[in-house]
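Participant: Since chain X is already given, all that's left is putting chain R on it; use the hints.
Number of protein chains: 2
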Amino acid sequence: MRISLAATSKQLSALDFLFKPDSIAVIGASHDPEKFSGWILPGMLQVGYKGRIYPINPKRSEISGLKCYASLSSLPEVPKLALITIPGAGVKQILSDCIKAGVKASIIITSEIQYETSDPNKERIELVGEARRNGMRICGPNCEGVIYLKTGTWATFLSHPSPLQGEIAFVTQSGGVGEFVLHKLWERQVGASGWVSSGNEMDLQVADYIEYFAKDDETKVISVFLEAARDGPKFIRAARLAFEEQKPLVILKVGRSERARRTALTHTGAIAGRFGVYMGLFRQLGIVRARNLQELIELPLALVWEPLPAGNRVGIVADSGGMAALFADQVSQEGLSIPDLEEQTRARLAEVLPSKAKATNPLDITALVGPKEIVGILESIGPIMLNDKTCDMLILGVSYWPRTVFFEALEALGRLYKIANELGKPLIPVFTAITPKTHSDLLSRAAELKLPIYLTPETAVASARALAEYSEARREGLDS
Amino acid sequence: MRISLAATSKQLSALDFLFKPDSIAVIGASHDPEKFSGWILPGMLQVGYKGRIYPINPKRSEISGLKCYASLSSLPEVPKLALITIPGAGVKQILSDCIKAGVKASIIITSEIQYETSDPNKERIELVGEARRNGMRICGPNCEGVIYLKTGTWATFLSHPSPLQGEIAFVTQSGGVGEFVLHKLWERQVGASGWVSSGNEMDLQVADYIEYFAKDDETKVISVFLEAARDGPKFIRAARLAFEEQKPLVILKVGRSERARRTALTHTGAIAGRFGVYMGLFRQLGIVRARNLQELIELPLALVWEPLPAGNRVGIVADSGGMAALFADQVSQEGLSIPDLEEQTRARLAEVLPSKAKATNPLDITALVGPKEIVGILESIGPIMLNDKTCDMLILGVSYWPRTVFFEALEALGRLYKIANELGKPLIPVFTAITPKTHSDLLSRAAELKLPIYLTPETAVASARALAEYSEARREGLDS
Chain X
1 MRISLAATSK
11 QLSALDFLFK
21 PDSIAVIGAS
31 HDPEKFSGWI
41 LPGMLQVGYK
51 GRIYPINPKR
61 SEISGLKCYA
71 SLSSLPEVPK
81 LALITIPGAG
91 VKQILSDCIK
101 AGVKASIIIT
111 SEIQYETSDP
121 NKERIELVGE
131 ARRNGMRICG
141 PNCEGVIYLK
151 TGTWATFLSH
161 PSPLQGEIAF
171 VTQSGGVGEF
181 VLHKLWERQV
191 GASGWVSSGN
201 EMDLQVADYI
211 EYFAKDDETK
221 VISVFLEAAR
231 DGPKFIRAAR
241 LAFEEQKPLV
251 ILKVGRSERA
261 RRTALTHTGA
271 IAGRFGVYMG
281 LFRQLGIVRA
291 RNLQELIELP
301 LALVWEPLPA
311 GNRVGIVADS
321 GGMAALFADQ
331 VSQEGLSIPD
341 LEEQTRARLA
351 EVLPSKAKAT
361 NPLDITALVG
371 PKEIVGILES
381 IGPIMLNDKT
391 CDMLILGVSY
401 WPRTVFFEAL
411 EALGRLYKIA
421 NELGKPLIPV
431 FTAITPKTHS
441 DLLSRAAELK
451 LPIYLTPETA
461 VASARALAEY
471 SEARREGLDS
Chain R
1 MRISLAATSK
11 QLSALDFLFK
21 PDSIAVIGAS
31 HDPEKFSGWI
41 LPGMLQVGYK
51 GRIYPINPKR
61 SEISGLKCYA
71 SLSSLPEVPK
81 LALITIPGAG
91 VKQILSDCIK
101 AGVKASIIIT
111 SEIQYETSDP
121 NKERIELVGE
131 ARRNGMRICG
141 PNCEGVIYLK
151 TGTWATFLSH
161 PSPLQGEIAF
171 VTQSGGVGEF
181 VLHKLWERQV
191 GASGWVSSGN
201 EMDLQVADYI
211 EYFAKDDETK
221 VISVFLEAAR
231 DGPKFIRAAR
241 LAFEEQKPLV
251 ILKVGRSERA
261 RRTALTHTGA
271 IAGRFGVYMG
281 LFRQLGIVRA
291 RNLQELIELP
301 LALVWEPLPA
311 GNRVGIVADS
321 GGMAALFADQ
331 VSQEGLSIPD
341 LEEQTRARLA
351 EVLPSKAKAT
361 NPLDITALVG
371 PKEIVGILES
381 IGPIMLNDKT
391 CDMLILGVSY
401 WPRTVFFEAL
411 EALGRLYKIA
421 NELGKPLIPV
431 FTAITPKTHS
441 DLLSRAAELK
451 LPIYLTPETA
461 VASARALAEY
471 SEARREGLDS
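If you're matching them up, the sequences are chains X and R in order. Mapping of the first sequence onto our numbering: residues 1 to 480, in sequence order. Mapping of the second sequence onto our numbering: residues 1 to 480, in sequence order.
What the hints contain is simulated information worked out from the structure, not anything from laboratory work. You may find that some hints are simply not true.
You can't tell identical chains apart in this list, so a pair holds if it fits in one copy or across any two.
Below, in silico cross-link-like pairs of lysine-lysine (BS3-like), each with a Cα-Cα straight-line distance of 27 Å or less [said to hold, decoys possible]:
{"#": "1", "residue 1": "LYS92", "residue 2": "LYS358"}
{"#": "2", "residue 1": "LYS215", "residue 2": "LYS50"}
{"#": "3", "residue 1": "LYS50", "residue 2": "LYS122"}
{"#": "4", "residue 1": "LYS437", "residue 2": "LYS450"}
{"#": "5", "residue 1": "LYS67", "residue 2": "LYS358"}
{"#": "6", "residue 1": "LYS50", "residue 2": "LYS100"}
{"#": "7", "residue 1": "LYS100", "residue 2": "LYS150"}
Here chain X stands alone, though its shape is the one from the complex (with noise of 0.2 Å):
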């Protein structure tokens, strides 16, 4: 069932509400941390939310340290946002009560909501209908909420132990891949400027959300996880503000086999049940493909940190010559190229390199490398292969990590990186050695000098492949 109302732009400022609420009641709070719902205040307070939070409970007094209300109208204040989690039975009337009250927006983490009559999608369409001319908008139901880093905002059950903010948005039809992107870059110390799990799709939907962060100022990339637009022409607006605002698009879509379809496909008002389709439409609007889960996360890091590239050709430097042939590999599958050396890069890498080291594309420096080496390499051969003119982006493997100077070769990669930047070039550094685990400080510094840190061969060679099709898609323009 398709609700067809244009969304009006008084209703999408409604969003604000949605992220950026000043008080916030989690309708159905619990104190039990086995139930979901006991994991909702005990997130808001860890995040640092700045607004005021009214936990509505009528069994309870006080939960996690905070008065604990008998209902919405016994609040001090209408709440901008209203976080419900009860059981199904009761949304439609807290709903309604919501928007006589002039509650702003709505989050809906209950599955489902009972209706009244045997014509429920008549029942859901008024309900919508009457949120939207009292100016309230709906996220879910069964969604997992809500989260804004600026502010604090945690409208979700989700938790993980330090989210961090930073300037991508993530969008996602499934609650189960929205823990993926949360756990993925805590774990690997990056930051999110938003993040919203769009549930059943009442109201908001994805498309909604995509034109929100492409109006947000603290984002830069948009990733979402697709099973099904529900309003195709909207959607494709959505896609083409993002463009507009130069706000590269990231989308992983599920449905490319039969039975994925089935299994996803249970929303109606897709544009198109054919991943064909859809691959043809984001090749037309600038959409950038994730092919897998590791993708979602890893093309957003080079897309938000990195100059675009002004062509494919790959300038590539491994400490291992089995990884440099790795790289090579991985390049021409990617259907990147990997340019020879302009002989004036030659001549300048045979004064800095050892007489019997080859001076090609790629370049393994291996003969030169031992712990002390690293920080002078970067400074010495880094710029001379940015400064090729054939090379378009420069992807830089270190394999041998060099423990003791792991943090001056950080900052050495942090000045190469400023001159690939005024070059306008991508400099992608790839640390096979390190993990998350033992280099959580590393990793740190590095998204603080916007460094984007890969730990595999294949995600860095990806994210250059994003970056060589984002950049071709720019140049190019979309169709008017």
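Facilitator: What follows is chain R alone, placed relative to chain X:
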């Protein structure tokens, strides 16, 4: 230059002295932590090598608390293994000394040996011949050495926090890839039996190490990073031996692209330059192909701990509709099939599932899962799905990981794994909301239970594919 002397059984047993020596001399040992050679002794001591260690360095009387010797001849015994890290100019002489002294195996870390005449190839062949006649085999040069956990053998300059003993052997022609493997294994809390970096292979080749591990009681799966097989027929014999010994062989081969071939194949004597020839050979030899570094770690994990499936039909259970669709897509892409469940299975599921949930494959159990319920689900739904005759294996995806019942759920999974084992069906658990950084203890316990826990759908499904592929090869057998 190809050295064509065939290994005799006497020579093969010499590899025991490489992996399990009861004494090691470190020729060129250093006390300087800013040199690679300064990492060797600390690593050996950390891992707890059970034999006698003799640092040799005429400039020092003590290194890392160990008595240091001036030369090979001043040692109290002839060491079984000599680890050589001196500059290239002295290597040939030291090798001769080792041969004459009766050293049983040598590892040359040094990247290049300086020979004395204008025909270094001839000198090298003579040296290798002399070594073999005297019962000494050589690993390297330009390698990172050898690890064998049961005896605590740590004859390498690499170091990592805490290597674990296990059942996967790694053979790599690239030291950089070897270092990647060590770090990732440790991060995942998975153990190795042995590890060897073969370097420039003046004597021992990848094929020799495959043969050795095929016969090694500690090893169940052999994982290989291959640039080029130096001696084709020998490589084929080694792969056949591994198959006969029922040790799955997983290989990541580089050189798919022309550029990668030029980068990697400075070696001579490769059996074929063409990637396609290798791929055909791999299929004929029952070799499982890894397509990237991640798979070089992940596929062996399943092959070492899972029974082989009877076919390629996959049952899927997930706690998120989006994840279920993602699994379905990836299973289709890997060429595996997703059967419709038996009527009997659907009936049994209907007794357990809430009325609105659909008993289909993939099975989305979202409606059932609260933090407390996962253990019950594993115990009720798990066996029903495993007993379905149309499912040859079961992928079990958990994205809302129940932090309050972490270990209970893992123990339940351990019990389910036993049921699966009795049925001869692989059980592949995927936990997308855990990270190695926060859940090391969980991964560690999973390793004790021999459960290959996967952290992304794509790696889990690739492993399911590897199991199906290897199982098919075993059923069909190799041409004789």
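Participant: Hints numbered earlier in the text: which of these fail when held up against the supplied structure?
Facilitator: 3, 5 and 7
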